[in-house]
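Residue numbers are given in this note's numbering: position 30 of the sequence shown equals residue 49, and the series is strictly consecutive.
Keep in mind that a hint or two might mislead.
What follows is a set of in silico ranges between Cβ atoms, one per label pair, in the way DEER data are often shown [what the hints assert, rightly or not]:
#1 Pro121 - Ser68: 35 to 43 angstroms
#2 Ser131 - Val69: 18 to 26 angstroms
#3 Pro121 - Leu97: 33 to 41 angstroms
#4 Asp148 - Val95: 14 to 22 angstroms
#5 Asn70 - Ser131: 21 to 29 angstroms
Hint data in this document are derived by calculation from the structure and do not stem from the laboratory. Even glycine gets a Cβ: it sits at the ideal position worked out from N, Cα and C.
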Amino acid sequence: MIGVSIFFFKFLDVQQNHVTGSQSATLSTPVQLPSSTGLKIFTDAAIDSVNRRHSIGVVVLDANNAVKAGFSTPFVGLVPPAVAEAKAIFQAIQWAQMIHLPLDVLLTDCKSIVDKLTSCNWNNSVLDDVLVNVENLLSFSPRLAICYVHKDSNVIAHKLAKLGLGLDNELV
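Work out the full structure, taking the sequences as your base and the hints as a guide.
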């Protein structure tokens with residue numbers, strides 16, 4: 020298990036360096052992220068429809084955009100993309116609360132989830148069941164803002180979610 024952890028942190032280091040270098044060279048207009056003096060958490064999900072699996076990726080960055088922590092978790096079963104994204108948000112908030120991470124903002128590249136959480140327009144669906152659970156968790160973190168970020172600014176969490184599709188167990 021120690022070898023897997025070392026691999027995981029090397030993977031995050033390489034991805035962070037790759038993303039930072041490539042983004043600064045290719046973006047014509049800088050991405051405006053919400054101001055954060057503390058930790059921010061990025062979430063994403065990946066789906067493998069052939070093997071009927073999905074996975075989430077969660078990455079914590081500090082105010083200097085240095086990777087501080089993260090995890091990837093695979094799940095058996097095929098779900099709609101919005102449900103997978105909502106599960107990623109739920110798992111990220113739950114994990115952060117369990118280890119007492121002082122988060123300012125959670126960033127996801129799923130705008131429909133952010134819009135739904137801000138509108139409180141609930142229906143009778145699996146997606147809304149997950150989002151109600153997200154709202155319940157947010158009652159314990161009232162200062163945590165959930166914001167949309169373009170997928171180009173969410174590359175590390177996305178690659179971590181894709182990495183999770185090849186795992187049998189959680190990678191922390």
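Here is how each hint holds up against the structure:
1. For Pro121 and Ser68, the hinted distance range of 35 to 43 angstroms is satisfied, since their beta carbons lie about 37 angstroms from each other.
2. Between Ser131 and Val69 the Cβ separation comes to about 25 angstroms, which falls inside the hinted range of 18 to 26 angstroms.
3. As the Cβ distance of Pro121 to Leu97 is approximately 35 angstroms, the hint placing it in 33 to 41 angstroms holds.
4. With their beta carbons about 19 angstroms apart, Asp148 and Val95 fall inside the hinted range of 14 to 22 angstroms.
5. Judged by the Cβ atoms, the range 21 to 29 angstroms given for Asn70 and Ser131 holds: they are separated by roughly 25 angstroms.
Going through the hint list in order, the structure satisfies each hint without exception.
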